[in-house]
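Number of protein chains: 2
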Amino acid sequence: GNEMGAAAAPTPAVFKRDSYEHRATLTENKCAKDLWNLMARKKTNLCVAADVGTAKELIVLADKIGPEICILKTHCDLYPDFDDAFGATLLELAAKHDFMIFEDRKFADIGNTVVGQYSSGVHKIADWSHITNAHIVPGAGIIDGLKQVGLPKGRGLLLLAEMSSAGTMAKGQYTEDAIAMAAKHPDFVMGFISTRPSAWKGAWSRGLVQMTPGVQLGGGGDGLGQQYNTPDRVIKECGSDVIIVGRGIYKAADPVASAAEYRKAGWDAYVSAL
Amino acid sequence: GNEMGAAAAPTPAVFKRDSYEHRATLTENKCAKDLWNLMARKKTNLCVAADVGTAKELIVLADKIGPEICILKTHCDLYPDFDDAFGATLLELAAKHDFMIFEDRKFADIGNTVVGQYSSGVHKIADWSHITNAHIVPGAGIIDGLKQVGLPKGRGLLLLAEMSSAGTMAKGQYTEDAIAMAAKHPDFVMGFISTRPSAWKGAWSRGLVQMTPGVQLGGGGDGLGQQYNTPDRVIKECGSDVIIVGRGIYKAADPVASAAEYRKAGWDAYVSAL
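Chains X and C supply the protein sequences, listed in that same order.
In terms of my numbering, the first sequence has 164 at position 163, counting the first letter as 1, and numbering is strictly consecutive.
In terms of my numbering, the second sequence has 242 at position 241, counting the first letter as 1, and numbering is strictly consecutive.
Take the hints with a grain of salt, since some may be wrong.
The list treats identical chains as one, so a pair stands whether inside a single copy or across any two.
Below, a list of computed lysine-lysine pairs in the DSS-like style, where the Cα atoms sit at most 25 Å apart [what the hints assert, rightly or not]:
no., residue 1, residue 2
1, LYS154, LYS252
2, LYS252, LYS125
3, LYS65, LYS252
4, LYS172, LYS202
5, LYS172, LYS17
6, LYS44, LYS34
No lab work stands behind these hints: they were computed from the structure.
Chain X extracted, bound-state conformation:
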């Protein structure tokens, strides 16, 4: 079912939060610390999911919207023109515009396999992506495997504790188990993909970052199970820290203007929730 629907209560409680600056002091993970400080400095909690069809389009888009975002989220396995120059080019843009890179790989295999998938192959994700993420379905060995590769490089891992899609299995005890796994790896796990951490029962360190996909100003859904929520509700009611916006920006007639609009909506929501 649509868990977001439950948020439409008449008088929702506003999730009380710490500043991003303070939360930077609560993490052991380099990537999380960098991100908290970046968001505070640049005044943006907008991550753009740039699900365009080619690497060429992605690079053009990243250079345009770079000034508005804290994170560029990629799916490198969507681009037929991915090549060895991709990572270096994206890292240059990340330095130029002060954003971080998040390859949304959703690793989901056993520990021994993800070691190779993260470090090698055509994509060599660990070489250029500051942040990646993993499902906990295989058990904790997936974190051990990714950590072998990512920790020495100063990378950060997000665990998928919840998803925005209809009928997701990532809820209830599954979410609680993700919280417990994150607590065991404070050096490498930097946060969660989540939809409503304000409702979580289990305790979690406020050094962990909450990032929420499926954000669109209009709300609604697509024909393949995606369910949208607004920036204001995601930050203020659901207790998230970073809004992840995809089609609302990259499919907009003017992606830069749209990114600026989402940036303002996300930042205003954060400031008003402090």
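Use these hints to put chain C onto chain X, whose structure you have.
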């Protein structure tokens, strides 16, 4: 916990099964039908997980062990030398030796994203892999997305109903939900990745194929959560149809001799369980 441990009861019941030939008549999916008939014709239920470090090594190995196997399982994202010729070369070997290709991608994203990941990118998995698999964590939209791409090409999808790794979340209600999702897509879902379907409570069509990873003659585990089970137990007690063997073969001193040994162990177990 190690669910396999429960199988070590003093007098295990032997899972009663139909012949592969008969089960070919019970499926609507082209890939499943082809696989049932291939196994019966070639007298092998051995799938090799060829997790070598390069595409070059994979091609060499596939040509060597091809005569022993029903399926070659790949992880194309492990090979730094993957190129546009990979799929065609592998399909030639599949035709030469009469085996099918299974790219173990473990798709795990929302419907809209997996459409691109399956059809496009550098790997273009749908163009050369007969079989692929998906986690059900995102909800049923992932099947809708993959089906848009795979069904017109006559492909088959395996749902990960259980995993062989320690502490996996794919158990209990999660497994039952996978059974229900498969039942809604008999044209495209061809079976399951599973570890003990003989113990499942929910009903499932016998046209669906059960494939089990984590198989090694010695049993045991690795240091990253993998747990091994023997071919005999996997087929006879756990009720699986296809044994997936990785390090037991590709890391063996003589992979061809080892493949022949696993093939015999798997086939003998099947025949004795009929």
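Going down the list of hints, with the structure as the test:
{"no.": "1", "hint": "LYS154 with LYS252", "result": "neither (34 Å within a copy, 29 Å between copies)"}
{"no.": "2", "hint": "LYS252 with LYS125", "result": "between (28 Å within a copy, 24 Å between copies)"}
{"no.": "3", "hint": "LYS65 with LYS252", "result": "within (14 Å within a copy, 48 Å between copies)"}
{"no.": "4", "hint": "LYS172 with LYS202", "result": "both (11 Å within a copy, 22 Å between copies)"}
{"no.": "5", "hint": "LYS172 with LYS17", "result": "within (22 Å within a copy, 36 Å between copies)"}
{"no.": "6", "hint": "LYS44 with LYS34", "result": "within (15 Å within a copy, 57 Å between copies)"}
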